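Enquirer: Sequence:
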Amino acid sequence: MRPFSEADIRASFLNASLRERKTLLLPDALDQTPWDALDYLGWHDRKLPQVAYVSVELDGAPASLLLRRADAKPRNRAQCSWCADVQLPNDVVLYTAKRAGDAGRRGDTVGVLVCENFECSANVRKLPPSAYLGYDREAARDRRIEQLTENVTAFARAVRDGS
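In numbering that gives the first Met the number 0, the protein residues as written are 0 to 162.
These are computed hints drawn from the structure, not numbers from a lab. A few of these clues could be false.
Think about it this way: if two alpha-carbon atoms lie no more than 25 angstroms apart in a straight line, the pair counts; the simulated SDA-like pairs of lysine to any residue are [claimed, not checked]:
(1) 46 to 75
(2) 125 to 36
(3) 72 to 121
(4) 72 to 48
(5) 21 to 68
(6) 72 to 89
(7) 46 to 59
(8) 46 to 108
(9) 46 to 153
(10) 125 to 93
(11) 125 to 108
(12) 21 to 116
(13) 72 to 90
(14) 125 to 23
(15) 46 to 31
(16) 125 to 135
(17) 46 to 90
(18) 46 to 115
(19) 46 to 92
(20) 125 to 109
(21) 125 to 37
(22) 21 to 121
(23) 21 to 48
(24) 46 to 85
(25) 72 to 5
Derived DEER-like restraints, expressed as beta-carbon distance ranges [to be verified]:
(26) 17 to 58: 21 to 29 angstroms
(27) 17 to 74: 36 to 44 angstroms
(28) 74 to 130: 14 to 22 angstroms
(29) 16 to 126: 27 to 35 angstroms
(30) 78 to 35: 41 to 49 angstroms
(31) 47 to 101: 22 to 30 angstroms
(32) 145 to 44: 48 to 56 angstroms
Here the structure is a predicted model, which means the values were calculated and not measured. Virtual Cβ for every residue (Gly too), placed ideally from N, Cα, C.
Produce the complete structure using the sequences and hints provided.
Expert: Here you go:
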């Protein structure tokens, strides 16, 4: 992932008002973010516990989303829709995002089950267990990284395009 500046992130929100963009709290030490180990940047608002943000590269430009965490957690152990890790070391929760434009102003939202603290990039970079003799674990890891990027950008497109 290429590095985003504070100005890039604030200007790239697809589903946040101007006031929300100005008042949001960016992650601490943004300049020390390990961008090469991330497929998207996700963080929680330190003042609003139910609010989170995600920034991803979409069609060559930064795209950021304002998310709201559901109050209730899934009853059963859920699988993250983005990293699809079957051996998650963390919780998965439902996040919703208002759609961009008129659809969002009418209250239309889209939801996704995601690792609660946005650990997806670290999860997909772990070598998977060997499935069979001759299994190419590095190639499987590379496919998981590509799939994570596709899943996150597809969600951002759904918010942007309303589909």
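Enquirer: If a hint holds in the structure, say so; if it does not, say that too.
Expert: Against the structure, the hints:
| no. | hint | verdict |
| --- | --- | --- |
| 1 | 46 to 75 | 29 angstroms, violated |
| 2 | 125 to 36 | 12 angstroms, holds |
| 3 | 72 to 121 | 22 angstroms, holds |
| 4 | 72 to 48 | 14 angstroms, holds |
| 5 | 21 to 68 | 21 angstroms, holds |
| 6 | 72 to 89 | 13 angstroms, holds |
| 7 | 46 to 59 | 31 angstroms, violated |
| 8 | 46 to 108 | 23 angstroms, holds |
| 9 | 46 to 153 | 28 angstroms, violated |
| 10 | 125 to 93 | 24 angstroms, holds |
| 11 | 125 to 108 | 32 angstroms, violated |
| 12 | 21 to 116 | 23 angstroms, holds |
| 13 | 72 to 90 | 9 angstroms, holds |
| 14 | 125 to 23 | 32 angstroms, violated |
| 15 | 46 to 31 | 22 angstroms, holds |
| 16 | 125 to 135 | 13 angstroms, holds |
| 17 | 46 to 90 | 21 angstroms, holds |
| 18 | 46 to 115 | 17 angstroms, holds |
| 19 | 46 to 92 | 19 angstroms, holds |
| 20 | 125 to 109 | 29 angstroms, violated |
| 21 | 125 to 37 | 13 angstroms, holds |
| 22 | 21 to 121 | 29 angstroms, violated |
| 23 | 21 to 48 | 18 angstroms, holds |
| 24 | 46 to 85 | 32 angstroms, violated |
| 25 | 72 to 5 | 31 angstroms, violated |
| 26 | 17 to 58: 21 to 29 angstroms | 22 angstroms, holds |
| 27 | 17 to 74: 36 to 44 angstroms | 38 angstroms, holds |
| 28 | 74 to 130: 14 to 22 angstroms | 30 angstroms, violated |
| 29 | 16 to 126: 27 to 35 angstroms | 43 angstroms, violated |
| 30 | 78 to 35: 41 to 49 angstroms | 26 angstroms, violated |
| 31 | 47 to 101: 22 to 30 angstroms | 25 angstroms, holds |
| 32 | 145 to 44: 48 to 56 angstroms | 30 angstroms, violated |
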